[in-house]
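Assemble chains U, B and Y onto chain S, guided by the hints.
In case you want the letters, here they are:
There are 4 protein chains.
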Amino acid sequence: MIKSECQIRVRYDEVDKMGYLYHGNYAKYFHIGRTELLRKIGFSDNELEKQNIILPVSEMNIKFIKPVFYDEVITVVSHLKEISGVRLRFFYQIFNQNNELVNQADMSVAFVDKISRKLIRIPQNIYDIIQSKINLT
Amino acid sequence: MIKSECQIRVRYDEVDKMGYLYHGNYAKYFHIGRTELLRKIGFSDNELEKQNIILPVSEMNIKFIKPVFYDEVITVVSHLKEISGVRLRFFYQIFNQNNELVNQADMSVAFVDKISRKLIRIPQNIYDIIQSKINLT
Amino acid sequence: MIKSECQIRVRYDEVDKMGYLYHGNYAKYFHIGRTELLRKIGFSDNELEKQNIILPVSEMNIKFIKPVFYDEVITVVSHLKEISGVRLRFFYQIFNQNNELVNQADMSVAFVDKISRKLIRIPQNIYDIIQSKINLT
Amino acid sequence: MIKSECQIRVRYDEVDKMGYLYHGNYAKYFHIGRTELLRKIGFSDNELEKQNIILPVSEMNIKFIKPVFYDEVITVVSHLKEISGVRLRFFYQIFNQNNELVNQADMSVAFVDKISRKLIRIPQNIYDIIQSKINLT
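Residue numbers (this note's numbering), protein chains in the order written: chain S, 8 to 144; chain U, 8 to 144; chain B, 8 to 144; chain Y, 8 to 144.
It should be emphasised that the hints constitute simulated quantities derived from the structure, not laboratory data. What you were told as hints is all true, and nothing was included just to trick you.
The list makes no distinction among identical chains, and a pair is therefore deemed to hold if it is satisfied within one copy or across any two copies.
DSSO-like, lysine-lysine: derived pairs with alpha carbons at most 30 angstroms apart:
hint, residue 1, residue 2
1, Lys140, Lys70
2, Lys125, Lys73
3, Lys57, Lys73
4, Lys57, Lys10
5, Lys70, Lys88
6, Lys47, Lys57
7, Lys70, Lys57
8, Lys47, Lys125
9, Lys125, Lys140
10, Lys88, Lys10
11, Lys57, Lys140
12, Lys121, Lys73
Everything numeric in this text was worked out from a predicted model, so none of it was measured.
The shape of chain S in the complex, shown without the other chains (with noise of 0.2 angstroms):
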């Protein structure tokens, strides 16, 4: 697996009015924890989407099992699983500022022709790095 974390403080307009940082909103979390693993193994999706290959998310499996905090400091844990040839699949974890989990997710990206809107194999150099850099750890 590969694995990335980053720190991501929760924000004013992202918590209901439960005081709960809003369902809907992990999934904005779990996608800059991608990004970022995507960018210290040398993508950026940024990059991807300029040469038309977008990465929509085709499945996301969600288990809130602490609610978090306005301002709270968490931590996005993600690692890189699984890779076929069109897929990505992303196991996600979530803690909290005592490092209980808070949440848990998979997830699987597509790659995707921009243009055409139909799924494309993994570009091989994309693949080649991501392989061997499942297998190494």
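The following block gives chains U, B and Y in isolation, referenced to the frame of chain S:
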């Protein structure tokens, strides 16, 4: 199952630079679907919250089947399919204007005391109404 | 002035921990108001964008008069009050269910070429229709 | 004036289909700027809220000078420029990575009692600290 339908027009701010309804925003649509379903059978999440009963999501699983675009009017079909002592389980389908299934999800919502933040039993009147309606259909 | 009204129910995710419609979210409501006003006089911002004409906001001034709460159905009244060679100027009012004015805003929207990202003159057919309707009222 | 700077990387979900940071999202960045400025001089909006003092925005004026794009790291410069008995007035500038001014805003924030929802005088200790720091600079 208790079933409810609502139509939502996709807003400009909800669409990402791929031109897709952002995957994190589906949770908001399901929330609307859930609120309207509860309203239909006589309950308001807003009223419950004033009585210190909140309904946080404890689990959410989403399959993104086809992209949804700006200004489309999509139909969210919400099903309340299960009730336990402390949780409701919902199943959702989203259809686009061509009546294609574009998204499918299931979600668990817990009954929680707003002050203690602890799980509570579903109030008897709510339980009875939901139980009777689930059996009916 | 060209005028258009629409009703919006405040969503759960749009409300902050104060229990107020989050101040950043009013821009989304004004956006809906603007889109519906343009639709009413025969234009779709979605269609314009397919022709590479985009309408970014260049200025936005908002007065928050009274708070708006979850599940309220508010009325957004949009006025297109001015047209120059490259910009439209809108004025907005939001009323709550008690018909109280809760928010007031004005906003400038520019016509921009999506590719060059430069200001463009408003297409003549759009200009003529808006100009004739503004004078009428 | 009291001044504070923070850097924010533009998130994927914050960008619209034009490829621009959505105009409604600047309010969130200013909110972060304001929170960090207050933290710098010793106050936490989160702690104030626990004491039932909330800080809703009462006015917001924004000029969008240049677009901001996905993955850019922008700098939000926040200035607390005025304090009255019940309000703080902020002035903001946002600079992109080329140090170009891309956005400018001013905003009024009121002190409000969370329970009564009425304007309150700024607590003396907060008033004194801000007043002394504004005069200093």
